[in-house]
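K.L.:
Sequence:
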Amino acid sequence: MSGIESLNAGVDYRYYLDLLRRGKWTVLASALLCLGLAFLSGFLRTPLYQAQATVSVELPSAPIDPTQAVMTPQYNSYFDYEYYFQTQLRIISGSTLALRAAEALMRLPPYQGRNREELAAELQASVAPRQVENTRIIAIAVTRESPEEAALWANTLAEVYVASNLEERKKSFQETIVALRALLERAEANQARVIEQLQQVARELGLIPTEAARGRVDTSALEVATQTLLEAQRERQRVEARYQQAVAAREAPHRIAALLTGPNELGGLLERKAMLERELRELAQKGFLERNPRVVQLRAQLSALEEQIARATDVALEALRNELEVARQKEAEARRARDLEQQRVQSASTDPRLLDQILQQAVVSEIARELKQTLNRVELGGQLLRNNVALVDRAVPPRVPLNRQSPRVLLLGLFGGLLLGVGIVVARDFVNNTIRDAEEIERLLGQPVLGEVPRSLTVEEFARREAFHGLWTNLKLFHRGLSSRAVLITSSVMEEGKTTIACELARTAARLGARTILVDFDLRRPDIHRRFPRLKRRGSQLGAVLVVDDEAAVRNLIASGLAVFQRDGLGGGWTLGPILVAEDGQDALAKLRDNDVALAIVDIKLPGMNGTELLERIKGLSPRTEVVLVTGHASLETAIEAVRRGAADYLTKPFELEALRVAVERALQRRIQEASPQGGSSSSEAEGVVAYLAGEAELPALICETDVPNLHVLPAGRPPQNPFLLLDREVMGELVRGLKAQFEWVILDSPPVAAVSDPMVIAPVVDGVLIVVRFNRTDRKVVRRAVERLARANAPIWGVVLNDIRPEESRYEQYYYRPREEGASRRSLWSRGVEAIRSTRRQEHRGSEG
Numbered sequence: 005m006s007g008i009e010s011l012n013a014g015v016d017y018r019y020y021l022d023l024l025r026r027g028k029w030t031v032l033a034s035a036l037l038c039l040g041l042a043f044l045s046g047f048l049r050t051p052l053y054q055a056q057a058t059v060s061v062e063l064p065s066a067p068i069d070p071t072q073a074v075m076t077p078q079y080n081s082y083f084d085y086e087y088y089f090q091t092q093l094r095i096i097s098g099s100t101l102a103l104r105a106a107e108a109l110m111r112l113p114p115y116q117g118r119n120r121e122e123l124a125a126e127l128q129a130s131v132a133p134r135q136v137e138n139t140r141i142i143a144i145a146v147t148r149e150s151p152e153e154a155a156l157w158a159n160t161l162a163e164v165y166v167a168s169n170l171e172e173r174k175k176s177f178q179e180t181i182v183a184l185r186a187l188l189e190r191a192e193a194n195q196a197r198v199i200e201q202l203q204q205v206a207r208e209l210g211l212i213p214t215e216a217a218r219g220r221v222d223t224s225a226l227e228v229a230t231q232t233l234l235e236a237q238r239e240r241q242r243v244e245a246r247y248q249q250a251v252a253a254r255e256a257p258h259r260i261a262a263l264l265t266g267p268n269e270l271g272g273l274l275e276r277k278a279m280l281e282r283e284l285r286e287l288a289q290k291g292f293l294e295r296n297p298r299v300v301q302l303r304a305q306l307s308a309l310e311e312q313i314a315r316a317t318d319v320a321l322e323a324l325r326n327e328l329e330v331a332r333q334k335e336a337e338a339r340r341a342r343d344l345e346q347q348r349v350q351s352a353s354t355d356p357r358l359l360d361q362i363l364q365q366a367v368v369s370e371i372a373r374e375l376k377q378t379l380n381r382v383e384l385g386g387q388l389l390r391n392n393v394a395l396v397d398r399a400v401p402p403r404v405p406l407n408r409q410s411p412r413v414l415l416l417g418l419f420g421g422l423l424l425g426v427g428i429v430v431a432r433d434f435v436n437n438t439i440r441d442a443e444e445i446e447r448l449l450g451q452p453v454l455g456e457v458p459r460s461l462t463v464e465e466f467a468r469r470e471a472f473h474g475l476w477t478n479l480k481l482f483h484r485g486l487s488s489r490a491v492l493i494t495s496s497v498m499e500e501g502k503t504t505i506a507c508e509l510a511r512t513a514a515r516l517g518a519r520t521i522l523v524d525f526d527l528r529r530p531d532i533h534r535r536f537p538r539l540k541r542r543g544s545q546l547g548a549v550l551v552v553d554d555e556a557a558v559r560n561l562i563a564s565g566l567a568v569f570q571r572d573g574l575g576g577g578w579t580l581g582p583i584l585v586a587e588d589g590q591d592a593l594a595k596l597r598d599n600d601v602a603l604a605i606v607d608i609k610l611p612g613m614n615g616t617e618l619l620e621r622i623k624g625l626s627p628r629t630e631v632v633l634v635t636g637h638a639s640l641e642t643a644i645e646a647v648r649r650g651a652a653d654y655l656t657k658p659f660e661l662e663a664l665r666v667a668v669e670r671a672l673q674r675r676i677q678e679a680s681p682q683g684g685s686s687s688s689e690a691e692g693v694v695a696y697l698a699g700e701a702e703l704p705a706l707i708c709e710t711d712v713p714n715l716h717v718l719p720a721g722r723p724p725q726n727p728f729l730l731l732d733r734e735v736m737g738e739l740v741r742g743l744k745a746q747f748e749w750v751i752l753d754s755p756p757v758a759a760v761s762d763p764m765v766i767a768p769v770v771d772g773v774l775i776v777v778r779f780n781r782t783d784r785k786v787v788r789r790a791v792e793r794l795a796r797a798n799a800p801i802w803g804v805v806l807n808d809i810r811p812e813e814s815r816y817e818q819y820y821y822r823p824r825e826e827g828a829s830r831r832s833l834w835s836r837g838v839e840a841i842r843s844t845r846r847q848e849h850r851g852s853e854g
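When the letters of the sequence shown are read in order and numbered with the numbering used here, they come out as residues 5 to 854.
It should be emphasised that the hints constitute simulated quantities derived from the structure, not laboratory data.
Be aware that one or more of the hints could be misleading.
Dumping the calculated DSS-like pairs for lysine-lysine here, alpha-carbon to alpha-carbon at most 30 Å [said to hold, decoys possible]:
1. Lys175 x Lys376
2. Lys480 x Lys744
3. Lys376 x Lys174
4. Lys623 x Lys609
5. Lys290 x Lys334
6. Lys376 x Lys334
7. Lys623 x Lys28
8. Lys657 x Lys609
9. Lys277 x Lys290
10. Lys657 x Lys623
11. Lys595 x Lys609
12. Lys595 x Lys657
Using C-beta positions, here's what the derived DEER-type ranges look like [unchecked claim]:
13. Pro452 x Ser761: 47 to 53 Å
14. Ala278 x Val404: 35 to 41 Å
15. Arg674 x Glu446: 51 to 57 Å
16. Gly117 x Phe292: 53 to 59 Å
17. Glu660 x Phe728: 49 to 55 Å
18. Leu481 x Gly624: 58 to 64 Å
19. Leu21 x Glu734: 50 to 56 Å
20. Ala556 x Pro724: 58 to 64 Å
21. Lys290 x Ala252: 34 to 40 Å
22. Asp433 x Glu734: 44 to 50 Å
23. Arg285 x Tyr115: 38 to 44 Å
Each residue gets a CB set at the ideal place from its N, CA and C atoms; glycine is no exception.
Generate the whole structure from the sequences, applying the supplied hints.
P.N.:
Rendered as structure tokens:
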């Protein structure tokens, strides 16, 4: 992969699984929080109790007389049944019934003095009626904080509902009876008036003499014919009204079925359709899909029923039309019969006034007769009236609260918390626009990741050293043909750890045996001289070290430790000179006269001249020589006496290698300070790359040595006012070539790419460029722009170093491990030597006792 590439749009499921692994504590905390909130909500929630009373609601019975249909509606179809029960549910939960129930409750002591409207509103808010499935029973449920109050309110509502229903039906019958009686009284008054008028007209015409009824016209047949005509007209009007309603409701078959009299096919088909639709709704509520075999079967049956209903609707309309034709024929026949009787009467008396009076008498008499019969039937129906609503079960106080702590709520809280935690982790990752792994760098920048450096505070130092070893190995393998390499280390912005990477990479290369120089090219903010505070110029070496002990094993052991110091160097880059050994005082003084001895390590118990006397002789011959006394029986008085005679330090046998190193460095500290120019570090701050670029100094005079073998440093020097003016490509090329001629690795630390243009000027003269990217800190867009700027400057980009990785937040946590304790093998070697000396002394002691 090469060049700048965009982020891969595909979904990497392994990445998200790893993301959840790294965010497991967030997910766990969210789950526990939501679970705790669910438990706390149930624990702190006020307990609510629900009691319910049940009432059976039958359909109103058919009326005794058709006129009772005004008071008792007819329910002929399934939909009418549903509408009726829904209406009853609204009545139970309505405000009118709540006011009546509140009045009943206010008669009880606990509720006396309460406001009726407030109590009714509270009761209305607490009631929840529902129809029990597949029954004609309504459950009146009331929810309250007190179980006894919930049962009391439910029973009160049920009783008031039953009583109110019967009261309303009785009230309807009484109103109808009163209305019918008033109509009957008016009809009888009209009948008397019409008879009186008929008699008066008949007298005037001489048809009815006052003395006798001779010559009176017989009008009874005309009255019967007129009554028959009136009945035929009413029948025709009823049939015609039904037919017109059926035609208007052609798209509503259930309304047409209600208009038919007697059993009919359409009603049965509609009930079958309603049952199938109810079964479909139940299957849908249970979660059955449309492709379920039973659902498919029901859909097919419904489709067939629709066709049958359409045909039955046409048949019903045709039957109503035939019935209307029959009614019209009956009306025509009755009209003809009335006309014939009317002609007969007119032949007897052709006076139109008599005929009108006769007709009025017939009509009024028929109306009065019908009203009287209707009133009798209504009064009988009122006496036989029964309530279609009855109380089935009274409510009892519940024992278990309605809102008790449910395991389902806890499971929902736990599941919701897990989803919330996953959402937080994914959302945090989505809004995070920083670099978080090596694969992302390779996808985004098209550059290989040559090293991944963990954060120093989160892993063992061994893991960091191994990371730099791997980086150095990758760099060696990157261009094997180069005898020496100049690598520029930069970053996109500040605070990404580029200087730390440069210093540690230089130390790693030097420890692994490569001659290395670290160059500070950050002329604006130089920092490398602070990382190596005890820099010194080349050729800084201390004098020889003299070991004086009468035991050969001890002398060799101390000399071996000093050889390690001689190889690794002391603090500040200083090294020890030759290591000399002597077995007594005279031999030691002879070697002191012939060599420049910087340090003498002297055993106190020497044959002939003891260590204290030798200390005074050494100070007399060479005052600058430091002396460390070694004793097997240390005490406070011994230490005070040694310091008073001029000893720099003392050691107690047996001692560890580290204690020997500390004593040597402490004893030579004054000599190192005297040999270091201007304190050992100020010169490095004053002179460096700036002095070379300005032509003020030669390169060999500016290179400093460190306390790490094979590692040299070329500091930046004093920051100039305008560093960009010193960055001449030819001069920098000469500088890099001169350093490559002396060292195998030239590591240059430069400013960030996004901050200044210095890296673009330096990059073309080096062999390769390393870009440091800080884990979960550096923005992707900034890194991409930095790589693009370097690419435009023809910089040889080798790759990227991912710095400051936190293993617990990355996918590579399992690759970091705890090694054996550093330096254990070295200490064990020294400890084995000390143990050998102790064993030899014990054997000598036992031999002397024998």
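K.L.:
State the violated hints by number, sorted upward, taking the hints as numbered earlier in the document.
P.N.:
Of the numbered hints, 5, 7, 13 do not hold.
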